[in-house]
Structures are given as structure tokens and as C-alpha cells.
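Given only the sequences and the hints, what does the whole structure look like? Please build it.
Line by line, the protein sequences are chains L and X. In terms of the working numbering, the first sequence opens at residue 878 and continues consecutively. In terms of the working numbering, the second sequence opens at residue 878 and continues consecutively.
For the record, the hints were derived by calculation from the structure and aren't laboratory data. Please note: incorrect hints may appear among the correct ones.
For chains that are exact copies, the list does not tell them apart, and a pair is met inside one copy or across any two.
Claimed, not checked - Calculated lysine to aspartate or glutamate pairs in the EDC-like style (CA-CA distance at most 16 Å, straight line): (1) Lys1033 with Asp929; (2) Lys927 with Glu1031; (3) Lys1033 with Glu1086; (4) Lys1033 with Glu1085; (5) Lys927 with Asp913; (6) Lys1033 with Asp930.
What you are looking at is a predicted structure, and each value in this text was computed from that prediction instead of being measured.
2 protein chains.
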Amino acid sequence: MTAKKREEEDARVGDIGGEFALIKRLTESQQITDPDVIIGVGDDCAVIYKDDDTYLLVTADMMVEDDHFSRVWYTPEQVGGKLVESNVSDIVSMGGAPRHGIISMSLPAQTTLSFFDRLYEGIYASARRHGLSIIGGDTTRGDNLVLNLTLIGEVKRTLLRTRAMAREGDLICVTGTLGKSMGGLRMLMSGTGGDRSGHLEPRARTWEEAHVIAAHAHAMIDVSDGLASEVAHICEQSDTGAVIYRGMIPLAPAAVTAAEALHESAYDYALYGGEDFELVFTIPEREVDALRAEFDDFTIVGRVTARSEGTALVIDGTREPLREGFDHFL
Amino acid sequence: MTAKKREEEDARVGDIGGEFALIKRLTESQQITDPDVIIGVGDDCAVIYKDDDTYLLVTADMMVEDDHFSRVWYTPEQVGGKLVESNVSDIVSMGGAPRHGIISMSLPAQTTLSFFDRLYEGIYASARRHGLSIIGGDTTRGDNLVLNLTLIGEVKRTLLRTRAMAREGDLICVTGTLGKSMGGLRMLMSGTGGDRSGHLEPRARTWEEAHVIAAHAHAMIDVSDGLASEVAHICEQSDTGAVIYRGMIPLAPAAVTAAEALHESAYDYALYGGEDFELVFTIPEREVDALRAEFDDFTIVGRVTARSEGTALVIDGTREPLREGFDHFL
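Printed below as a string of C-alpha cells:
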């Protein structure tokens, strides 16, 4: 074994540049030969052939107490809700509808039944909102509360939207408002008063909304790591560049409130904060009016450019490179 | 709130009789209305309609370090292998073939890349053995190493076998030998020399074997909690009784070695030990020879009886009630 090789083997997962680097490392070590796997690791969901008109979408999210949530801040219902909404967001971001969820959890032995029941109330409330069924689970003991939801959805083949479908010249749009999750988190961390619901009770867009958007859009992704990171993913997968106009980003009122109180930038919350679970999509200019006639809760924030132009953020007319956002291992 | 109700809410999940009680508690709180859900919580897998000839099978298992495995005993490859084999066993126990897996893991930041790579080598080796693809994953940070695999398989509608399909008069059979997992564990715990591979490197039966068995069998389940527990599940779901003849149970050599060294009972390992990942099935007597012509690695250990006869274990001609096995929360 060479010294370099040994050094790499002794390296820690915390050293290699985050979750995406780990996933990439694992993807590269496997060749998927199953022709039914349309898309493997690398998008919000894996995509599997179901029949000639329909693909299955599969996604999983694991939430660890005191890393993803604290019981000091979250009610049990909010923990359960966030677990479901974060997974639903991955399904709808590809144009699909969530159908069937399977939950695994590790529970400390001292967990109260009341906590368990309220957690499930939150899970079921979000499941009902999005029309999905919880079909199975595995509960086990552990020192920490760890929750995993694997969610299976379906998408019409013609409505499948990925990170790789952006085309030069497309407009870049976001639904709703951004920065509310990080705004809420900053309020919680600092004890600042205000609306923390964007962090504690995030809501995924519905599959009905995603269907309408998908019918007009090219690429689509959800905001789980901040707008900057999502735009970078689109550009990387679509082999394009992008320009985002910071002043056009629709800021959530809670983000503005928190940022003002803490002398921070609400734009930073939107760009690098994550977990807003809004949709980012690219759309040909000619489709914008048609979409707006059916769904108008979106804002144009930029444009897809040539790969050679890179990814840029324009602030008050000044162009700078778009840096990426939050990562669980950074 | 009544005093009784408050007492119940303050109860701990460790108090209410284990994992099955928790799952039952959660199942009862939800009515699944989706007609595509053929079987929800309650069998080895959930069963979902795919097309008129095919159902999807979905199962999940979570493994927590120092509860399910210790890195003192397991190599990283063995941890990864066990994660896949335990899930594959749930799929094949219903007559299906594993197809697509999605892995979530919480990793302590000090986890080495070498550990991560070797873990995946174990995962991929078992995936190749069973012909399944790992299609996605979520990695996140946590204080403990926690692994979850959700596995999606397929079963021909005509080959679907459940815990509920046993009929009075069926013979009860098990594949291979039992007690090897608990035998290996007891060797590890006591420092006794011998073959620990039944605990460290369990192997699920293949889907090809399960197909052959399913074509002749009625009910089927895998041995994840010991023969006694699996037979009890079959009886509960099939509304039958059963009698098991202890002397007919095929004991693994490693179980016998460990039990002799430790002055314990190898039959107890088989009945209450769990994680052998063999198949327990019930079969009409007239089908036994036909099955044996195609697959003969099984042993008759008892018979399905009327519900009114309960579940019994016959030891040297003396009949006693069959008590159940290991539970993660006991």
C-alpha cells in the first residue's frame, strides 16, 4: 500500500467535502446493469421503470436527533411532519406524486408512548395532506432517536423532470418564498421572536402543483440545500451555466424579520439556508404566461446560460461567482 | 385526561411489550384506503399492486451500532452484508425476488473512508449475490452509526406467500439448519472457539429457491426472531394452531458446538435465537415429494393444527405451550 493510499484510507468521512462527495464515491463503485433503473444515485429520487407510461420514484431521508432536529424546539408532531414533507418534496420535484412510505426508527428505551403517538400524528397528518399511505415500518432500539422515511412515488413518463433537463436560455424560477427555514432557525438559535414555522413546519409543494409546473418546465429540483446549491446542481447535471439576480429572489417575511434582528442577510438565508422545500425550475420564456394562467405562485430569479459562462450571482449590477450552500458534513 | 390515560402516555416504549406492540399500535391508528396496497404493515413486506400479474414487495431494516452489531466483532464488510441479507430474506420469504435497494446511513464524523468503502464492498457483494441494484442513498452525520436499507422486490401474484396462508393439516418445514446465528453470538460473547459465521455472515435464501418452495407451499416466513416466534406469527395470522417436535429441528453444527461448550441448549438457540434467515413454510403433505424432487434442503418439524389446540412444543413426547422468542425491546 502506498503512503498516499494509506493516508486516504485513514481519512475521515468528515474530511472529503461532504455528503455529495460520499454519495459520488459510492456511485462510482457500482455499475448498475438493470435496464429498469432509469436514473440511479444522483438526482432527488431514483427512477425505476414501472410500465410504458409510468416510472416509480424512490427517495429516502434520514433524520437524526440533535443534528436535524432538537426536541427542545420541535414538537413530536413537527418532527413527524418534517420527515414526511422533506421526502414528499423530493418526489414532487421530479414531477411525481407520493404514494407509499415505509418508516424505520431507532428509539431510545426511555421514549414515551406519548412522544411516539404524537410523532405518528405528525407523520399521518402530512401523509393525508399529500395523499400517501404509510405501508410499513421497522422500530428498533438505539441510544439516539433516528428516523428514516423511504418514499415511493409515481410519475408519468412525460412529466418526469430532472436536474439535467435545463437548456440554455431558460428562465430560472422559484415557487413561493425562500429563507423561511433558515430565518426560523436563526430566530430559534438567538431567541429572537417571530414566525419560526418555516423551520419547524416546512410544507412541501403538492403533487398537483408539481404536475402543472412540470407540464411547462424543463429542469426541476427542490430547495433542500439553498437556492445557490440547487442552481449549481442543475448546471452541473445539465451542462449549463446560470445567472441569478439576487434582488429578484422572493424573500420570506420571516427571513427578513430574522435577518433584520440579527444584522444578517435574508438573501444569504435564501441562497445558502436550505430546507425551504420550494421548487426551482427552468422554463422556456414562451411557456411562462401559460404556466402563470394555471399557477402563479412563482418568481423569475435568473436565466440558464452557456456552460462556459459558469454560475454567477448578480448583486446590484455586479457579477460574482455563485458559491454553493450548506452541506451536512461541512 | 384520566389518571389511566396519563399513566399510559407517560409509559415508555420499552414497557409495552416490544417491537410488535409498537408496530401494532401504529397500524391501528391508520386506515389505508389506497386500493393498490394489498398488504400494509404486518407481514415481512408490504405488498403493492404493480400490474395484474405482479406485486411489489417493500421492506426496511434499520441496524444500530452496538445494538445490532459491534465493530469489535464485525468487519465492515460483514456489517454491510448483514444489512442486505436481512432485507433480502424478508423479500424471498414472501416468494419474491429483490430488485432495488435504497440505503440511508448516519455516520459519526470520525468514521474512516476505509470503513465506509469496506462497508459498501459488503453491501455490493450481497447485492450481486442476490441480483439487486442499490439505486440511491442518504448519508448524514450522527453520533452513532445507523444503517437503513429499504428493499423493493417483485413477486408473481400466483407465488405470493404470506404468514396468513397456513391451513390445518399442513406440515411445517424449515430450510437448512437453525441456531447458527445465536450459536455464533454465544461463542463471541463467551470467547468460545468455533464457527461464528452464522452470526457474522448470515446468508438469506435465494429468490430462485424461494420460487421453487412457494410453488408448493402455503404460508411462508423467514427466521428473523427464532422458529418459535415465526410459527406463532403464522398461527396468529392464519388463525390456526401448531405443534413443533423439538427433536426434529435441524440444528446447525455451530449451534451444537456452542451449546455444548456453554452448557446451554442448541434447541433454545434454534427456537428463540433469531437471525438465521432460513425459511419456515407450511405445505400440504401431498406436495412434499414434488418439492423434494426440485429442492431438498428442508426438514419437517411439525404440523399446523386447529386454532383451538394452540401452539405446542413436544419435547421427548411431552407437550408444552410454545413460548415466543427474542424481541428487540424485551
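| field | Identical-chain pair category, Lys1033 with Asp930, by Cα at 16 Å | value | within (6 Å within a copy, 21 Å between copies)
| field | Status of Asp929 relative to Lys1033 across identical chains (alpha carbons, at most 16 Å) | value | within (9 Å within a copy, 19 Å between copies)
| field | Intra- versus inter-copy proximity for Glu1086 and Lys1033 (alpha-carbon distance at most 16 Å) | value | Cα proximity of Lys1033 and Glu1086: one copy only (14 Å, versus 35 Å across).
| said: Regarding Lys927 and Glu1031, is the shortest C-alpha distance of 16 Å or less found within a copy, between copies, in both, or in neither? | reply: both (9 Å within a copy, 11 Å between copies)
| When no copy is specified for Lys927 and Asp913, does a C-alpha distance of 16 Å or less occur within a copy, between copies, both, or neither? | Both. Shortest intra-copy (8 Å) and inter-copy (14 Å) distances satisfy the 16 Å Cα cut-off.
| query | Checking Lys1033 and Glu1085: alpha-carbon separation at most 16 Å within a copy, between copies, both or neither? | reply | within (13 Å within a copy, 32 Å between copies)
Of the hints listed earlier, there is not a single one the structure fails to meet.
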